[in-house]
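Could you build the full structure based on these sequences and the hints that come with them?
In order, the protein sequences belong to chains A and B. First residue of the first sequence: 1, per this note's numbering; consecutive thereafter. First residue of the second sequence: 1001, per this note's numbering; consecutive thereafter.
Only true hints are included.
Estimated spans, in silico, between C-beta atoms of each pair:
hint	chain 1	residue 1	chain 2	residue 2	range
1	B	1103	A	23	49 to 59 Å
2	B	1205	A	28	35 to 45 Å
3	A	17	B	1272	16 to 26 Å
4	A	55	B	1076	25 to 35 Å
5	B	1227	A	27	40 to 50 Å
6	B	1272	A	23	22 to 32 Å
7	A	8	B	1023	13 to 23 Å
8	B	1142	A	90	47 to 57 Å
A short list of chain B residues far from chain A (calculated; beta carbon distances all over 10 Å):
hint	residue
9	1009
10	1083
11	1084
12	1127
13	1129
14	1158
15	1186
16	1223
17	1283
Which residues of chain A face chain B? A few of them, derived with a C-beta cut under 7 Å, are:
hint	residue
18	6
19	7
20	8
21	11
22	43
23	59
24	66
25	67
26	84
Derived from the structure by calculation, the hints contain no laboratory data. A quick note: this is a predicted structure, and the numbers were derived from the prediction, not measured. Positions of the beta carbon are idealized from the N, C-alpha and C atoms, including for glycine.
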Amino acid sequence: MFDWMVWTTPVAVFFICIALMLAGMTVWEIKSPTTLRKGFLPIATTRGDRLFIGLLIAAYINLAFVGLAGKFAEWLQLEQEPSVWISFAVSIAVLALVMRKG
Amino acid sequence: MSTIKPVNQKAWWLVLPVVVCVAFSAVLPLMTVVNYSLQDIISPERRVFVGTEWFAAAMRDEELHSALWRQLTFSLAVLTVEIPLGIMLALSMPAKGWKASAVLVVVALSLLIPWNVVGTIWQIFGRADIGLLGAMLQKMGFDYNYTGNATHAWLTVLVMDVWHWTPLVALLCYAGLRSIPDAYYQAARIDGASRFAVFRYIQLPKMRGVLMIAVLLRFMDSFMIYTEPFVLTGGGPGNATTFLSEYLTQKAVGQFDVGPAAAFSLIYFLIILLLCFILYNWMQRVGTADKEGAGHE
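Rendered as structure tokens:
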């Protein structure tokens, strides 16, 4: 039915993760409502704000990594460009840090 | 137990049509763009999953970098010219009487003209052979030619945007100025404040809210500018006026490279998202600062 839209599995996994994240945040919010607080970020944030900021930073980290991958390979004299899973791990760590301490 | 009244939550179902509409008009198209950005689609039957290749290509694209810088320079130039000019215009507009109404109508005129018509007007206006501006500049000895000279083309697009959108800034500022109670001006007169002091300590602070809106609107609009330069210069000469959206369209529609164009639009989307977020928070902070300031008065 949706063949003509040429969906791929990685995209499906990506969006399922996003949907699960939103659903999880909703359940968390109902169980224990968030409060506005100030962390290392320059503005006071709620849990949802921190998720948004964290995801945005994660996206930028991945983009920058993909853009600079060629340069990294050159500097570190690698055979091929470093895997995007490295930036994925870094961005997840940053997301966790922003959620926890932001 | 019977004292607790159950809350009727059925009204939430009324939101459903909006959710469905947004899903079809925004969420699904965005998902498709994400999907396309990871594939090389040669034809509907022949496609290859390429991972982050298009993102890498877009991030390393020199032309895209220059389009981005051109865009940022343009947006900053727009703000530097339009905001002070709009304030000056608003300050010089009459406050009441028939003159005020007449001036408001005249000032708002350019806002009523559709974008592509604005482009066409300036395209003819700037022509060296028959255009009023172009021919006049030629007669005065300037070798003005917006189709051949990159600087002239860039300046013409800027002046066109200033002509088109400064009235918006002026009208917003005018509304801000009119909301200042007369008592402030009386107090200033008693203190013997100069014209500049009145502007600096009464009018400017009172206009801060509307000015923030003006800056935000003008920045976002000029950052996404497409129609006017497309009609006026078509992105040329060379690529002197190829701004981000122009470049994106060349990729997506002109060459029909769906994959790279999708990756590029997602990057564009992220840039806009970040800028909106920063500006929105800045405005909120100004808003709360205003309230706190009012509390101390």
